[in-house]
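Q: Let the sequences and hints guide you as you build the complete structure.
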Amino acid sequence: MPNWRELPAEILEKIFNYAKQDWRYEPSWLTQYQLACKSWSQTARECLYGEITFDSVAIIETFIKCMQNSHLGWFTRTITFYDNKINSCRDNPEDHVYISWAVSSHNLFELAKACPNVDRVKGKLAGRDQWLALGTITTTCWQNIKELPYPTRTDSEDDYELPYYINIAVACRHTLTHLYWPRYPTYAAALAPQLPTFSNLTHLTVNEVSSSVLMDYDDIIQCCPNLTTLSSHYNKCEWHIGIPDNYSVNYDMSSIQPHNRIKELDVTLLFHKDIIRYIMHKFPNLDTLNLRICYDIILYDDWIADVESYFAKNGDELMKYLTRLYDYEFYAPIGSSLVENYIRFTPNADILIRVGFPTSELTLCKNTMNFKCEKNAKEERERLKRIFSDCYQNIKRYALEYSGKSNDVTTWIEDGLEACKELQTFHLDTDRLCLPSRAAMTAGIPLNSSVKTFSLDVQEIKNGSLAAYARLLPALRDLTISYRFTQKTTRYIIEMPDTSFDHLSLQLHKCEYSVKTKMHNSLVGNVPIHDSDTDTSVSTTKDIYDEVLDSSAQLSSDMVGHLGIIDVSSSMLRNELDEEELNEITQSRALPSISLSTHAQELRKDIKNIHPASACIREILHKTGNRFNIAL
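So the number in our numbering is just where the residue sits in the sequence shown, counting from 1, plus 2.
Treat the hints as calculated values from the structure; they're not laboratory data.
If you're wondering where the values come from, they're calculated on a predicted model, not measured in any experiment.
Backbone N, C-alpha and C fix where the C-beta goes; we use that ideal spot for every residue, glycine too.
Warning: the hint list may mix true and false statements.
[As the list claims (entries may be wrong)] Taking CB as the label site, the calculated pair distances span:
id	residue 1	residue 2	range
1	Y84	K407	41 to 47 angstroms
2	F359	G125	32 to 38 angstroms
3	N252	S391	34 to 40 angstroms
4	K368	Q259	26 to 32 angstroms
A: What follows is the structure, given as structure tokens:
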């Protein structure tokens, strides 16, 4: 694009913020964007300095010192204080320790001078002097404050920090957009009369409650007419809490007024028979819902029976509500009572069944279902097969994860393939792929005639199993094998099926050992992979390149029309080749479309920055037309 420097600031801001979301993001990226051109500088600085995070006193003091002769702190809008810093132990780097720290009142005042435009303070703030300092700063410097940090939790109602938080919040009630509701009734009662005066309040968080249901906060919610986001979470990390006294109370929905402005609801709550009805009635205009249901572990058996019965009766009503939302995530520790409703109302969703867990758990998202169940859950398997058979038109992508080595996995595989008659993509993640059942192999009919893509993530493949499944899946065109190596196994053989593929991908994951890979002149042969600890012929990187390229050249001449792309990825193809070896490999072969690489970014980084012969590699790839298809 020739006019990059003419991009408007709002577009640049979106681009820079998108870059910050990348998992590889480093602040140096935005530093470089600042220097690209004058028109980028202002926006890049706003993105770089707009939100500052501190996790130690040393970093705060360094930042303050750097800002003494600079106006860059004026770009800062948000400051976050992390509670504790995790450091590796000096004696044993694998052990980690939490280093407690707290920002001093003096440093708070210095930050206010360096960053006068802050309007959000997040994280944890502890200590009487610090809260007094923050109160002074919000009335003198940060007068447009929109969010305050929440006091650290104590084990008793004698919480000396909460009064400071409430006093500052009331003083800033005309500018605050975010409010944390006090966790104790005494302080909540003191704040409640002031709630209608918070004129700009859009986000309310009711955290660390222990003996109530969401309906108990209806009056508080109704006092905030401008709310757009509501969050509520219990005070324990576990999924089980004590049942409140009002658990059996019936709530009259006709007396509850809907809140039409709330668009986002994020709640973790104890299940109550009226809670789903309350959410659907109270929040008719939701865009995003995150709903997680927890339970009392002592009364789990009786509780789960009530919940399963409820969703069996009201599943359609819930799914009608969920499907009209822009996005949602629903979690409940239940069985398959909602699975059929979800599949019927969500065609073409990604279905994931995970077998081998202590209890059943169901997670429903806009386009994804994740169902965990017990390994020996025969009733669940049969119920899922019936559901898949009844709703097969809506199932195009299905994944099965099976933990442990058991012949029962074959039954799970065959039941899913038989039931999902219009399935397009099937993924299997298991320790061992075994032969299909004798009944399936002797029946003379396919298990599934529609599956075109089959992906495997395995540690062991029994001889003949791939060929057997290829015959039972006649429409199969794309095969991906992600092969995980274990230290116990010394020799691996993958027997390839006698069929034609548009795409074949072999991904061999093992960093500790050298791996020798051969692909014979037809896919009917074997792919032996030797462990270098036991194999006398330890293969070098050049050996691996040679063998794969030899077999690829043979494939290109013998299997024209049978194979479109070969993608062999091994975590152990390191950059050990010198210029002479690379010349020998690249100049002696005319290759088909083939990609040889280590895991993703590592090869690019090695070739660009680390390898001492990177210049000659670039030159060789250029001369040979980059037949390796390596992205530089």
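Q: The structure should be examined with respect to each hint, and the outcome stated for every one.
A: A quick look at each hint next to the structure:
1. One distance hint, 41 to 47 angstroms for the beta-carbon pair Y84 and K407, holds here, with the actual separation near 43 angstroms.
2. With their beta carbons about 35 angstroms apart, F359 and G125 fall inside the hinted range of 32 to 38 angstroms.
3. Taking 34 to 40 angstroms as the suggested C-beta distance range, the pair N252 and S391 conforms, at roughly 39 angstroms.
4. For K368 and Q259, the hinted distance range of 26 to 32 angstroms is satisfied, since their beta carbons lie about 28 angstroms from each other.
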